[in-house]
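**Student:** These protein sequences, in sequence, are chains A and B. With full-length UniProt numbering applied, the first sequence closes on residue 153, and no number is skipped along the way. With full-length UniProt numbering applied, the second sequence closes on residue 583, and no number is skipped along the way.
Read the hints as simulated data drawn from the structure, not as lab findings. Bear in mind the structure is a predicted one, so any value in this text is a computation, not a measurement. Treat each hint with caution, since some may be false.
[Stated by the list, open to error] DSS-like mimics (lysine-lysine), calculated; alpha carbons at most 27 Å apart, straight line:
1. A:84 to A:96
2. B:101 to B:221
3. B:412 to B:482
4. B:490 to B:412
5. B:202 to A:94
6. A:94 to B:204
7. B:399 to B:296
8. B:274 to B:296
9. A:94 to A:12
10. A:96 to B:204
11. A:143 to A:129
12. B:96 to A:94
13. A:96 to A:12
14. B:221 to B:270
15. B:469 to A:96
16. B:96 to A:96
17. A:55 to A:84
18. B:315 to B:294
Spelled out from the first residue to the last, the chains are:
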Amino acid sequence: MANSNLPRRIIKETQRLLSEPAPGISASPSEDNMRYFNVMVLGPTQSPYEGGVFKLELFLPEEYPMAAPKVRFLTKIYHPNIDKLGRICLDILKDKWSPALQIRTVLLSIQALLSAPNPDDPLSENIAKHWKANEVEAVETAKEWTRLYASGA
Amino acid sequence: MDSEDDMHDANDLESLDDDFYSGETGMGSDDGDGDYEFGNNASDDSDDGNLNRQQENYTVLSEDDIRQRQEEDITRISTVLSIERDHACILLRHYKWDVDKVHEAWFANEESVRQTVGLYENPVARTFSRELLCGICFERHPCDRMCAASCGHFFCYSCWRGYVSTSINDGPGCLMLRCPDPPCGAIIGQNMINLLASNEDKEKYSRYILRSYIEDNITSKWCPAPGCEYAVDFVMGSVNFDVSCNCSHNFCWNCTEEAHRPVDCTMVAKWILKNSAESENMNWILANSKPCPKCKRPIEKNQGCMHITCTPPCKFEFCWLCLGAWTDHGERTGGFYACNRYETAKQEGEYDEAERRREMAKNSLERYTHYYERWATNQSSRQKALQDLQNMQNVQLDKLSDTQSQPESQMKFITEAWLQIVECRRVLKWTYAYGYYLPENEHGKRQFFEYLQGEAESGLERLHQCAEKELQTFIDSSGPSKDFNDFRTKLAGLTSVTRNYFENLVRALETGLNDVGESGNQPTCSRSSSIKSGKGKNGKTRTIGGTTSRSLDDGNHSHWSCESCTFANTKSSMVCQVCHRRR
Chain A
1 MANSNLPRRI
11 IKETQRLLSE
21 PAPGISASPS
31 EDNMRYFNVM
41 VLGPTQSPYE
51 GGVFKLELFL
61 PEEYPMAAPK
71 VRFLTKIYHP
81 NIDKLGRICL
91 DILKDKWSPA
101 LQIRTVLLSI
111 QALLSAPNPD
121 DPLSENIAKH
131 WKANEVEAVE
141 TAKEWTRLYA
151 SGA
Chain B
1 MDSEDDMHDA
11 NDLESLDDDF
21 YSGETGMGSD
31 DGDGDYEFGN
41 NASDDSDDGN
51 LNRQQENYTV
61 LSEDDIRQRQ
71 EEDITRISTV
81 LSIERDHACI
91 LLRHYKWDVD
101 KVHEAWFANE
111 ESVRQTVGLY
121 ENPVARTFSR
131 ELLCGICFER
141 HPCDRMCAAS
151 CGHFFCYSCW
161 RGYVSTSIND
171 GPGCLMLRCP
181 DPPCGAIIGQ
191 NMINLLASNE
201 DKEKYSRYIL
211 RSYIEDNITS
221 KWCPAPGCEY
231 AVDFVMGSVN
241 FDVSCNCSHN
251 FCWNCTEEAH
261 RPVDCTMVAK
271 WILKNSAESE
281 NMNWILANSK
291 PCPKCKRPIE
301 KNQGCMHITC
311 TPPCKFEFCW
321 LCLGAWTDHG
331 ERTGGFYACN
341 RYETAKQEGE
351 YDEAERRREM
361 AKNSLERYTH
371 YYERWATNQS
381 SRQKALQDLQ
391 NMQNVQLDKL
401 SDTQSQPESQ
411 MKFITEAWLQ
421 IVECRRVLKW
431 TYAYGYYLPE
441 NEHGKRQFFE
451 YLQGEAESGL
461 ERLHQCAEKE
471 LQTFIDSSGP
481 SKDFNDFRTK
491 LAGLTSVTRN
501 YFENLVRALE
511 TGLNDVGESG
521 NQPTCSRSSS
531 IKSGKGKNGK
541 TRTIGGTTSR
551 SLDDGNHSHW
561 SCESCTFANT
571 KSSMVCQVCH
581 RRR
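Using the sequences and the hints given, assemble the complete structure.
**Tutor:** What follows is the structure, given as structure tokens:
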């Protein structure tokens, strides 16, 4: 079974994630695949996502930690750096990945991205345009989407 | 034509003989493939300053040369800065292998250079007394099983190996590999790579370093010919970008397209783009449309009968088959679906390819086609000449030295001639792109250009004729011919004359034919025998080949320059001798 020869690092990371979770973040491995995590991130306060509960999936590829984990939003979200499939534009998930980073640091970075959208480096062209043209209105849409899709019901 | 005579005069000149023989001896001492390059021939110094200029402005580098230069640069930095070679190499890579820039930056602010590059001076001292936690595998290891870059962030060997191997297999980005600790920017150099990587990865890494020396360095580029492993180092600021690689590929160092003097890179890019876009269009238009007999716009017939009405404003009604006016058509000529007139004419052979071409002549694309066809023809002639040259070298020269009982070393002049033919075809080809972009309204320039081009073509034909047909008789002859030495003199002379003509042509076109002014008292083109003026030892003349020389000194005293074609006429004549325009 794949889980039997799981690297010590992954086991240790998992244990720490479960015993000392980061504030506003929970990540638990799936029962049949220890490399697949169900993740929940709370929308940061003072962001348009406040009050929302966002579900993500996180997968540790075979090469992990030499290669970055694969992370994707499952909950619909209105954000210039996240596209409609939930893919995330974040440097540490791509070229800035380092094996000294962890699941925890990745999820904290994603949480920070929710607090500080970056429309200058967009993944979703339309949302980024909206953000730059009329930030107030875009933030309203983001709040609306949070209420509609991420109310945790 | 008097130009003809001039060309033949050349054969009698002793000076050319001298050139030829001095060239011969020099070439004998030259080794191997160097002989087949233009401009790289040290023995040709008797010919023209131009060649020397070409010689100095670039160097072809083999892989060994590259390694040697790279080592030298590293040694220089390492000695002057008193740092390890490994660090010198890192610095050079960061500053794109510019030794001066490294010096400048380092001596201006060593600390800031170290920070940006990631070369830290004070690593954390290693302690062997205790175990450390590896930040990647989360295991504790004794210190002697761990290592760190200059920053002192320790990771275990096994994680380092994984880190380094992943990075090397991701491509040349591994040259900028930094410490795995996220905010730390300490650079990982080759020493550390050699300590950690597999042999295969070490080999890859060192190739990336070698490539970086060429690719990051602004003064060097790889030869773009497929499979060629040479690089060319260029002296920045040189005017002439054409370089000739040891693999015999000639290319423009600036845009890496094939060599294209006298046309500049922008024009080449435009022309190539036009060819790729236009040739497709052109082929389609030729295959699928006919020009309206009246307004010449191309018309595609995609349905319906033979009675065509051109779109407004033309509205001309005609028959698609014979392109005659529809008013001449009707039931008696076959009606809407056939045309008796066309059938009869076709049987009489009127609608042959030439007819079609003549029809197309009025098409708006005709001008482009005109230049493109000639450009493409010269291109294929050049390919053909290259093949002939190879055949000559591999087969014919052998045969010739047998029949004429002369050593092959005495046959260099034939190779020279063929190389010149190849080069001339190349230049001639690009003159057609030049002609296409030469503004229509500059009549003087156009006329002068076409004249020069025509002369170039006939000069080249003469050389080609001599190197092909006349040579053949000597190859086929049964025994040594006493005329062979005369032939040698003639062909060497023609080669030299043609080379001069083309070099001057290139220079004249490169300066935009600026000598051809619209006003009358500009430097003029006079029909003096330039061969005679070129008789001196060095052959350096401001001449356009065998027929025209532009003299700057005689001004407007003894001649007048034709406003239309710029020909310098004698004062006594009232009508231009060339274009018959009145003074």
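**Student:** Any hints this thing doesn't respect? Which numbers, in order?
**Tutor:** Structure breaks hints 7 and 15.
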